[in-house]
Amino acid sequence: MKTGVLADDRIMLRHGAGGRAMRRLIEESFCRAFAMEPELPAGVIGLSAMDDGAAVRIGDEWLVLTTDSHVIHPVFFPGGDIGRLSISGTVNDLAMMGATEVLGLTCSVIIEEGFPAADLERILASMHQACEEAHARVITGDTKVMGKGEIDGIVINTTGIGLTSTLIRDCGLTAGDRLIVTGTLGDHGMAIMATRHGLALEGPLLSDVAPINGLIHKVLSDYAESVTAMKDPTRGGLASALHEMAAKGNVGIIIDEAALPVRPAVRAVSELVGVDPMLVANEGKAVIGVRQGATDAVLAALRSHPLGKDAAIIGLCTADRPGMLVLDTGFGRRLLAEPEGEPLPRIC
Amino acid sequence: MNPLDFRDPVRANELASALARDVAAIGRAPVSIMHVCGSHEQAIARFGLRASLPRDLNVIMGPGCPVCITDMPEIDEGIALALHGVRVATYGDMLRVPGSAGSLADARAAGARIDTVYSVSQAVDLARETKEEVVFFATGFETTAVATAAVILGTPPPNFSVLSAHKYIPPVMEIVAEMPGSRVEGFLAAGHAASITGWGIFEPFVKRHRIPVVVGGFEPLDILAALVRLVEMIRDGEPGVANMFPRCVTREGNRNALEQLWRVFRPIGGRWRGIAHIPNGNLRLRDEFAWVDARKRFTIDVASLWQQAPSSLVRQCICGNIMSGIASPADCPLFGRECTPESPVGACMVSSEGTCKIWHQYGGVLDLRGTTNDVCPRCVTRDNERGVA
Chain A
907 MKTGVLADDR IMLRHGAGGR AMRRLIEESF CRAFAMEPEL PAGVIGLSAM DDGAAVRIGD
967 EWLVLTTDSH VIHPVFFPGG DIGRLSISGT VNDLAMMGAT EVLGLTCSVI IEEGFPAADL
1027 ERILASMHQA CEEAHARVIT GDTKVMGKGE IDGIVINTTG IGLTSTLIRD CGLTAGDRLI
1087 VTGTLGDHGM AIMATRHGLA LEGPLLSDVA PINGLIHKVL SDYAESVTAM KDPTRGGLAS
1147 ALHEMAAKGN VGIIIDEAAL PVRPAVRAVS ELVGVDPMLV ANEGKAVIGV RQGATDAVLA
1207 ALRSHPLGKD AAIIGLCTAD RPGMLVLDTG FGRRLLAEPE GEPLPRIC
Chain B
20 MNPLDFRDPV RANELASALA RDVAAIGRAP VSIMHVCGSH EQAIARFGLR ASLPRDLNVI
80 MGPGCPVCIT DMPEIDEGIA LALHGVRVAT YGDMLRVPGS AGSLADARAA GARIDTVYSV
140 SQAVDLARET KEEVVFFATG FETTAVATAA VILGTPPPNF SVLSAHKYIP PVMEIVAEMP
200 GSRVEGFLAA GHAASITGWG IFEPFVKRHR IPVVVGGFEP LDILAALVRL VEMIRDGEPG
260 VANMFPRCVT REGNRNALEQ LWRVFRPIGG RWRGIAHIPN GNLRLRDEFA WVDARKRFTI
320 DVASLWQQAP SSLVRQCICG NIMSGIASPA DCPLFGRECT PESPVGACMV SSEGTCKIWH
380 QYGGVLDLRG TTNDVCPRCV TRDNERGVA
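Same order as they appear, the protein sequences are chains A and B. For the first sequence, the working numbering puts the final residue at 1254, and the numbers step up evenly by one. For the second sequence, the working numbering puts the final residue at 408, and the numbers step up evenly by one.
Source of the hints: derived by calculation from the structure; they are not laboratory data. Bear in mind that the values here come from a model prediction, so they are computed numbers and not experimental data. Even glycine gets a Cβ: it sits at the ideal position worked out from N, Cα and C. A couple of the hints might just be wrong.
Some chain A residues judged to face chain B by a derived CB distance under 10 Å, without partners named [as the list claims (entries may be wrong)]:
#, residue
1, R920
2, I1160
3, A1164
4, D1226
5, R1227
6, P1228
7, M1230
8, L1231
9, V1232
Use the sequences and the hints to build the structure in full.
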């Protein structure tokens, strides 16, 4: 019996959904293909670390490098668009490794023939706005146009570099650490799902897409020593991010379900479509591992920033059951499984 | 009462303590309670209730998934009809359930016309929109059978008929209670089914088997309260029927629905997949409804499907023992490895009501009993507001 990703003859959507299937594709295909002898020298954190980006030691500092290609349907969605997403995604990946000040961004765009010029203008204006919020700028780029039907609308790749003196990894959790999320969960994923399935709802349901390097800077400027790990729970949601952090840090994680900040509108869609808010993407949030003694101070620092006002302590790390996520529901406990692929709504 | 009152962790804690006390008072272990409903299992797994139960109390899911217990020859009938050119409408869960040679999904891939519907009335709508023969492949317990009965009594279009694989729960409780190897000491009965049949229907069973039956709802507190009542009756050696879902269930049930159910259907014996022959366990259309009975209307040739032997993986599948309550998914060598929701081996991993699918969705087989007090995230989040207003 064939196992692993190549048990499938073809790449399926779940191989890009941020869950277990995607991790296996990267590990078994990309990491293997790009592995070279000799191994990476000290002072370089590369592909095999499977972190949010790479880091290269330069003197006393680390140069952080990350890249991300953005595709989303629809291109304009409640709370944002592909332009805002493409800047925020890369800025946030840099921030997750500690590089909260962006040295520069690239912007590489592939556009389908026939794409409305007005839409492109709107996307670019949105990128400009996000850059201003992130105090970042695009310093080089590339443009390609492909024939009608050869690509779906527009694809935007951005790459970012930043410098930091304190490198934060997603593998640094230790037993006793507390876990903090910087705000409400599931907003982006549920907004997209509601839009795609035409769910008309009372009350606003908006994507949270935003650059959060300013928010993270606020924490790191005073408490960098107390932050043990950081990750942005994008595709695959909080469940995927925590699974990865638990496995890399070799700790167990206990999550207090009642403490998870979730907006009522997100909760409503979640119940309606039968998809847990912990399994869908956030595009303006981070999950931060914090040493026990600094928890309250970090929480206060986050809450003093507009993007962190809903920050909450959601759980803790244990030496027991390394790699596993235990969800305390208030009525009992169960394991929280690592999502395999894209969660499918009950209705479609 | 506000529905959220049934999700009060403080009261849940009190009920869990009562359970621990009462199970200890019984003085032998384990005490096994069976429920027969996918929705109960969903709630138990979703809220992690098993982790709060005393070690000496087993709550097991019996044959509570109607899709899972639909027997292979019944699936074969649906496939044969579809391959014969009839449009078959059925619930989405049924598509991937393996028959003797493949599933309805396989038949569809081979060109058969199979429509997924959410209700029997949607199948009727489909028949109204077309001149083709539409067969509703009807599965489900008495809860869904009443809907099928109502539609049949409501003069459906002439090109509509029903292939009934409906099942009736009370008889299977008798079989499970008598099964060698089963040590079921109490039944948690499904509240929604009892809202139709009434709780009085369990009285003869209790008299015959001296096993208590408690009707329970589907919120965490409903389930815990029903378990407490069951354990009390086991402790006191006084089996009876108790209704712990009085906001929906009466002694008599829904008389109109029952009258319609028995006017249209008659109980006959038949095999439930993986379990046994269940006397009176299958619901078939009465002769006066032959005009809407697909078995009377068409010649269904299933024998031609019975050439292939099941694969070796299927032979290792222990779905039958799981549905009989003799084994749990933790005992299955295939669970989570060869058998996953993406590529299911047995019916229990196919249906959203199936034990294995539910366990897989909610984290797997690890027993977390006794861990609820080892570290307390609630202490960690003591000064942390609950959610966002």
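Status of each hint after checking the structure:
no.: 1; hint: R920; result: 8 Å, holds
no.: 2; hint: I1160; result: 5 Å, holds
no.: 3; hint: A1164; result: 6 Å, holds
no.: 4; hint: D1226; result: 7 Å, holds
no.: 5; hint: R1227; result: 8 Å, holds
no.: 6; hint: P1228; result: 13 Å, violated
no.: 7; hint: M1230; result: 8 Å, holds
no.: 8; hint: L1231; result: 8 Å, holds
no.: 9; hint: V1232; result: 7 Å, holds
In this structure, the one hint that does not hold is number 6.
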